[in-house]
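Trainee: Chain residues, written in single-letter form:
2 protein chains.
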Amino acid sequence: MTRWKLILEWDGAPFMGWQRQDHGPSVQGALEQAVLKMTGETVTAHASGRTDAGVHALAMPVHLDLDKALDGHRLAEGLNALLRPNPVAVLSAEPVADDWHARFSCLGRRYLYRIANRRAPLTLDKGRAWRIAKPLDAAAMQQGAAHLVGHHDFTTFRSVNCQSDSPVKTLDHLEVERVGEEIHIHAAARSFLHHQVRSMVGCLSLVGLGQWLPDDMRKSLEARDRAALGLNAPAEGLYFAGALYDTPTA
Amino acid sequence: MTRWKLILEWDGAPFMGWQRQDHGPSVQGALEQAVLKMTGETVTAHASGRTDAGVHALAMPVHLDLDKALDGHRLAEGLNALLRPNPVAVLSAEPVADDWHARFSCLGRRYLYRIANRRAPLTLDKGRAWRIAKPLDAAAMQQGAAHLVGHHDFTTFRSVNCQSDSPVKTLDHLEVERVGEEIHIHAAARSFLHHQVRSMVGCLSLVGLGQWLPDDMRKSLEARDRAALGLNAPAEGLYFAGALYDTPTA
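Those sequence lines, one after another, are chains C and Y.
The first sequence begins at 1 in UniProt numbering and counts up one residue at a time.
The second sequence begins at 1 in UniProt numbering and counts up one residue at a time.
Hints are computed from structural coordinates only; laboratory data are not their basis.
Among the hints, erroneous ones may be present.
Note that identical chains are pooled: a pair holds if it fits in a single copy or bridges any two copies.
Derived lysine-lysine pairs resembling BS3-like cross-links, with alpha carbons at most 30 Å apart [stated by the list, open to error]:
#1 Lys134 / Lys219
#2 Lys126 / Lys37
#3 Lys219 / Lys126
#4 Lys37 / Lys134
Bound conformation, chain C alone (with noise of 0.2 Å):
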């Protein structure tokens, strides 16, 4: 047996999620159906993250194991092939220790978050960020995001459907940046609460209408309270951007 590394880029738009369901595509039962064509086994991917339906994957690490001896050229080749027309692509294949664990061996976790701020509706970018009409000020986000790195209970932008044992987290990083048209929201962490990307950029984007001021978010933290969440931004902006790990590969 030998435990696969893959790294994975999708477009969100078409699953219900990476999560297999019964009522409706996702990225593990494309990525899984791939598999048994190509080698005949009935494997379970692992992700680093469980992404929910619309949210996009840049460079998402899953594991799965594989009794067929392949090369990871072959593998990623093959399994691109064979995902078809599904817009999900093995970027690379490799082989890592039997206890490497995509999610449990994860030290950290990157989202982007693309916020395309203009009037003209999306034409190349549609689906692919959440576009706000209004001027955003990009500064007061960012003494907005101040707010919520470090060590919180993050109750306040967590799903009522969250599955984590505790809503403490520790936020690395929370950064609002300019670019062109587009407010970019750049996140890490060691891990996160279900959709706490997304409430987060949901309250920043109130900050940067001018509806909320920065310290709002202090207090919509401090609140420790769902109903003190301005707003949960759509998972169509949303990136799983990468995951960092100590020693990766076998």
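We have chain C already, so just place chain Y on it with the hints.
Mentor: Using the frame of chain C, we list chain Y on its own:
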């Protein structure tokens, strides 16, 4: 009557090109329909450049004449609402002088060509770039590109369907830039021949792959023969990036 200058952005994938067609959707047709719905006026829209099927636009100047008195903001918003679900957006609308012409007043046009230089199929950028799996040498491509800049007979890089009076054009700028896993090719000229950018990019890709030497670009140009063309790059990587005018507004 007011002459309006609109700046349009579009995703070229669903269109037969800019120009109105009997046998399929066009950007011009979609825009003229939206204008008719909004104002009751049947207009002819003129674009700075007539792009082919599948070619995208980031900022295409277009003009049209309207009897109805409107303000620019309302015109843009109204057209955007009526253009849905076509992936076409009016980025801005401003009144211009009656003799201003999107095509004939244009002093310069810029194109961007995006090559995704990676093995894995495209997901988020599917239909937005030309994927070339083998590594491209951007420096060699830039050397080859330099041979085309200037005043030349571009017969080699001209479609057999080109309606231009003369194959002689002045290419002001042709630059090859590596941006992460992408190669961007920037081209600027007063005007281009039909398929000129795609023909130049196709040949440059052969240089990047090592199948042509940079100097083969010169030989191909000097042949002044369509048969000396190496390859025509696909439409999906091409973007009309912008146009230059002397006095854009009234």
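Trainee: Does each hint hold? Answer for all of them.
Mentor: Here's how the hints hold up against the structure:
1. Lys134 / Lys219: within (24 Å within a copy, 53 Å between copies)
2. Lys126 / Lys37: Cα proximity of Lys126 and Lys37: across copies only (24 Å, versus 32 Å in one copy).
3. Lys219 / Lys126: Intra 34 Å, inter 42 Å, cutoff 30 Å: neither.
4. Lys37 / Lys134: Answer is between; shortest inter-copy Cα gap is 26 Å, intra-copy 48 Å.
Checked against the numbered hints listed earlier, the structure breaks hint 3 alone; every other hint is satisfied.
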